[in-house]
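Work out the full structure, taking the sequences as your base and the hints as a guide.
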Amino acid sequence: MIASVFAQVNVTSATTENEIVHVAGPSIDWLALLPLLILLVGALLTLTFSSFLKGRAPKGLFTWTTVAVAVGAAISVVPMWARVQGWNSLMWWNLDQAQTGPFSTAGGAVGIDGFSLFITVVLCIGVVLAALLADDFLRRESMSGPEFYVLLLLSAVGGVIMAMSNDLIVLFIGLETLSIAVYVLAGMNLRRVQSQESGLKYFILGAFSSAFLLYGIAMLYGATGSTNFVDIREFMATVVPIHNGLLLLGLVLVLVGLAFKISAVPFHAWSPDVYDGAPTPATAWMAAGVKAAAVAGLVRVFMLTFSNYASTWKPIMYVLAILSMVLGAALAIVQSNVKRMLAYSSISHAGFILMAIQANSGNGITAAAFYVAVYTFMVAGSFGVATIVGRKGDGNHELSDYQGLVRSNPWLAGSFILLLLAQAGVPFTAGFFAKFLAITAAADAHAVPLALVAMVSAVISAFLYLRIIVAMFMSGGDDGLEDVPRANRLRVPMAAGLAIGICVVVSVVYGLFPDLLLHNARAATPAAVQFERPASAGSTTAGG
Amino acid sequence: MSASILSTVFASEGAATFPILPALIFVPLIGAVLIALMPKSRPELSRQMAIITGLLTGVLSIALLVEFKTGDAGFQFVVQQTWVQSLDIKFFLGVDGISLFLVVLTGILFPIALFAAKPEHSPKGYYAWLTLLMAGCMGAFLSLDLFLFFLMFEVTLVPLYMLIGKWGHGRRVYAATKFFLYTMLGSAFMLVSIVTLAVVAGAGDKGGVSFDFTKIIATHNLATSTGRWLFLGMAIAFAVKVPSFPFHTWLPDAHTEAPTAGSIDLAGILLKLGTYGFLRYGLELFPEATVWFAPVMLTLATIGVVYGGIVAAMQRNLKRLIAYSSVAHMGFALMGLFALNVEGIEGSVLQMINHGISTGALFILLGFLYTRRHTYEISQLKGIGKVAPVFAGIFTLVMLSSIGVPGLNGFVGEFLILLGTFMAHRWWAVVAATGVIIAALYLLWAYQRVFQGEPDEANKSFSDLKISEKLVMVPLIALIIFLGIYPKPVLDRIAPSVKRVVTRLEVEVQGFHEPITRNGADLLHITESSHTMNGEHGLGVATNGQGANQ
Chain E
2 MIASVFAQVN VTSATTENEI VHVAGPSIDW LALLPLLILL VGALLTLTFS SFLKGRAPKG
62 LFTWTTVAVA VGAAISVVPM WARVQGWNSL MWWNLDQAQT GPFSTAGGAV GIDGFSLFIT
122 VVLCIGVVLA ALLADDFLRR ESMSGPEFYV LLLLSAVGGV IMAMSNDLIV LFIGLETLSI
182 AVYVLAGMNL RRVQSQESGL KYFILGAFSS AFLLYGIAML YGATGSTNFV DIREFMATVV
242 PIHNGLLLLG LVLVLVGLAF KISAVPFHAW SPDVYDGAPT PATAWMAAGV KAAAVAGLVR
302 VFMLTFSNYA STWKPIMYVL AILSMVLGAA LAIVQSNVKR MLAYSSISHA GFILMAIQAN
362 SGNGITAAAF YVAVYTFMVA GSFGVATIVG RKGDGNHELS DYQGLVRSNP WLAGSFILLL
422 LAQAGVPFTA GFFAKFLAIT AAADAHAVPL ALVAMVSAVI SAFLYLRIIV AMFMSGGDDG
482 LEDVPRANRL RVPMAAGLAI GICVVVSVVY GLFPDLLLHN ARAATPAAVQ FERPASAGST
542 TAGG
Chain F
33 MSASILSTVF ASEGAATFPI LPALIFVPLI GAVLIALMPK SRPELSRQMA IITGLLTGVL
93 SIALLVEFKT GDAGFQFVVQ QTWVQSLDIK FFLGVDGISL FLVVLTGILF PIALFAAKPE
153 HSPKGYYAWL TLLMAGCMGA FLSLDLFLFF LMFEVTLVPL YMLIGKWGHG RRVYAATKFF
213 LYTMLGSAFM LVSIVTLAVV AGAGDKGGVS FDFTKIIATH NLATSTGRWL FLGMAIAFAV
273 KVPSFPFHTW LPDAHTEAPT AGSIDLAGIL LKLGTYGFLR YGLELFPEAT VWFAPVMLTL
333 ATIGVVYGGI VAAMQRNLKR LIAYSSVAHM GFALMGLFAL NVEGIEGSVL QMINHGISTG
393 ALFILLGFLY TRRHTYEISQ LKGIGKVAPV FAGIFTLVML SSIGVPGLNG FVGEFLILLG
453 TFMAHRWWAV VAATGVIIAA LYLLWAYQRV FQGEPDEANK SFSDLKISEK LVMVPLIALI
513 IFLGIYPKPV LDRIAPSVKR VVTRLEVEVQ GFHEPITRNG ADLLHITESS HTMNGEHGLG
573 VATNGQGANQ
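Protein chains in written order, with the numbering used here: chain E, 2 to 545; chain F, 33 to 582.
Among the hints, erroneous ones may be present.
[Unchecked claim] Distance ranges between label pairs, derived from CB positions:
no.: 1; chain 1: F; residue 1: P51; chain 2: E; residue 2: G502; range: 28 to 36 Å
no.: 2; chain 1: E; residue 1: G502; chain 2: F; residue 2: I83; range: 29 to 37 Å
no.: 3; chain 1: E; residue 1: V79; chain 2: F; residue 2: K238; range: 30 to 38 Å
no.: 4; chain 1: F; residue 1: S257; chain 2: E; residue 2: W412; range: 32 to 40 Å
no.: 5; chain 1: E; residue 1: S52; chain 2: F; residue 2: I62; range: 51 to 59 Å
no.: 6; chain 1: F; residue 1: K238; chain 2: E; residue 2: W412; range: 34 to 42 Å
These are computed hints drawn from the structure, not numbers from a lab.
Positions of the beta carbon are idealized from the N, C-alpha and C atoms, including for glycine.
Below, the structure is given as structure tokens:
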């Protein structure tokens, strides 16, 4: 579609010579793009105003502005959600909607449907949590300033673009916007050499994966004649390609690019190092936000666009899911660094999400959406605890650093235990329902062996979480030592405590009342809606 | 009369019918939350709270027993509340003759465990986890929704993990982790089975997903091979929990390192989740697969009986000895189930209850022993009978009940199981009968080494039981004797539901008839003697069985 817009410009400028040029730009539903715009403008304003303050910003100012921006963006989703779902009224507000249902705007480049809005909210939540965690962390590490927050918001912009993308090019733009900001975030801690290393590593490998993605997009364009999801979908529905080498290669390369971002095995090698090296709040965002955005990309490309080509990509996804779940869980066990453990466990979680995606069904989308939402809270909370336990220098992430935490900080340790149990999928936590839905989706799609592997790998990861809990809870026992609190009491900053508290509460509430979230996750279906091309150049004109 | 008393007691609740089943789960649950909120500085408050909660739940479970309609084979006191609409997951509770006594056992054994043992440190967390465990066990026995059952089954893991890991002895972390992972691995298979069953059975609206036990039972969408695979998945989970041979290795470790109350509840209640699961979610859900797998399960059970007994005889640690004896006893319970006739299944349910009482009592006594001597090693103990005659006397009685001496409770269950198995698969019963002898061997041998002879220096100061400790034992001893002499009230309530299960097997599985042999005169004689033992219409199965056979 982008290409067609440019084409229109050329045509009009060629035919008219002395007149004012009326360029037929795409019609844009600005209200639909509001979440994106709020995040973007928020980031730019933060950057601008911070230069006036010249480092005299009041304590915590940028944290709370970032939180406000993200919350504002999340709230701005609500009217769109009401429109997509076709609600007649929103609380006491009577909506008189002219059009309802999912729609496409910006010349078919952006698709506004249940799924994109759902992921947008998840990303906003991720921003809120990461910003709250970063507040005290940045002061502690003498990194205070607006940079972290600006980059966070910008990467969220990229994520939202990915979630709303209705075109392979837009998907790529979103991915790059997201990634470049996160590369910088990973390498932000100038005082830690690991942070520098992780930033560089992530950048180089990430650049490679972006190249793969872009190459795949080119292949797909060659094979299908379009980059627009809806056009490709229609093409795939009507044409059966006999020589499909180009198509297959394109699909695989796109999958590599996106699988790299959700750190699925075998494209996971970067994630333990990068998660370990990056500033911990940035790690929380990487694990929560980047993964959510990449899952959105996978759903849009594979489940939406190539859904009737599923017999081809499902086996690949199947293998990726098994490898990620099993290796992620197994490799996590041999680690002694909690951040690395969580990194490997997040690989395992990616496998579960892939399992939901490979189901290629409505249930699968619901499960993926539910999983991503719940996972955001669980993982952000877990890395939040790691942020606090990391202490000054952000280097104390060994298992031994957690010893006796139950004695010194019972609330912090209790929260961590709950979050870890939720990640392990213990009943009455949200994590259990996430895994349960993913397994249901797999069983529904006749992938029972995959479901079995998933559950066995869940047991392997349970061992990992128990190791961390044991370190905090029961020191000794086997070696005959009684519990000796080694750790001094850690100060839990207010903002980070709030973030962890939110995560814990949500993990429990969604575990007890899954219908609250499941209801929305079911409504979060992606839709392929063709953009209605304006009949003439009259509907919306730029420069006229 | 008692019913009217109860209705006046509960009249204050205002509701027409008091929701007794939810109360059985929520009273301990709320109790656990309250205990968690108690101030740490006043540990006695948490103990009192736990005792109040335990007693209240116990009273509720007794009330359930009184209100239970004896002749009814179906589910009573049913409560339904939608939980997750789209997947037809419900908060669905009900009780029948099979689960009734397990609920009552839970209600009785937990308060006793509270009275019998005190934690060595941090009492608040200990009591909170213990009451939470009670809520989980109640929920697992009462739920009629597969999903809810799985949740409750799993939720019992965390409290016991904490109890063993934090309040246990010796290699407690190793034992706790082994227990957790072993059971969770089994549950992993079960969850996949449950989910697949819910999808395949399609018992929901318009053939959709449903986890409702009664709805799934009513459907017949299960292909033979699918049913067998799903049964296998469930069977792994339950076999770990029972524990059946070869999945038993976690149990001795868990028992040895667990605190006393943990051992009581583990042996008394949690192991029954396995056999109960086999009965409710194996025999009832997958009739065809049950019949197909029955020989395998019987063989495993028989191996468990003999192997558990032999290994128990070799133990140097009293707790490990009792743990292996549990493997043998639960092997009996499993064997009775897969005899697939009324005698066997009835005996199995009775064996679950008896094992809970006897082994629970044994672990309480071992707890008393530990507080005095701080060891479970047999070699460290000698001549305790001389210095503590009351203790030795009670131990003897409980031990005899565990051996299965006629006149005490253990005998009735094991006899019915052996009878049922003999009618179904003769040689398995013959082999398993040696298990009874082996039980006598290891328990009497251990008794001899611990209680007889002259006490040495260390054991001379062994003080006899205090009044409070004697009082704790009174209800258990009363049950041991009562159930041994007059098991009829219990069997009367179990029988209709068991018959329902067996009838369903006969209806659902082509060519399957309840295995009851009536060809030998000797055998007939044996069944009649079981009649006289159980009162005039006691089992009432011989005639019924004959009718089915003709």
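A quick look at each hint next to the structure:
Distance hint check for P51 (chain F) and G502 (chain E): the Cβ-Cβ separation is about 33 Å, which falls inside the suggested range of 28 to 36 Å. For the pair G502 (chain E) and I83 (chain F), the supplied restraint of 29 to 37 Å holds, since their beta-carbon distance comes to about 33 Å. Here the CB-CB span from V79 (chain E) to K238 (chain F) is close to 32 Å, well matched to the stated 30 to 38 Å. About 52 Å separates the C-beta atoms of S257 (chain F) and W412 (chain E), a value inconsistent with the hinted range of 32 to 40 Å.
As the Cβ distance of S52 (chain E) to I62 (chain F) is approximately 56 Å, the hint placing it in 51 to 59 Å holds. A hinted range of 34 to 42 Å is violated for the C-beta pair K238 (chain F) and W412 (chain E), which are about 47 Å apart.
Hints 4 and 6 from the earlier list are contradicted by this structure; the remaining hints agree with it.
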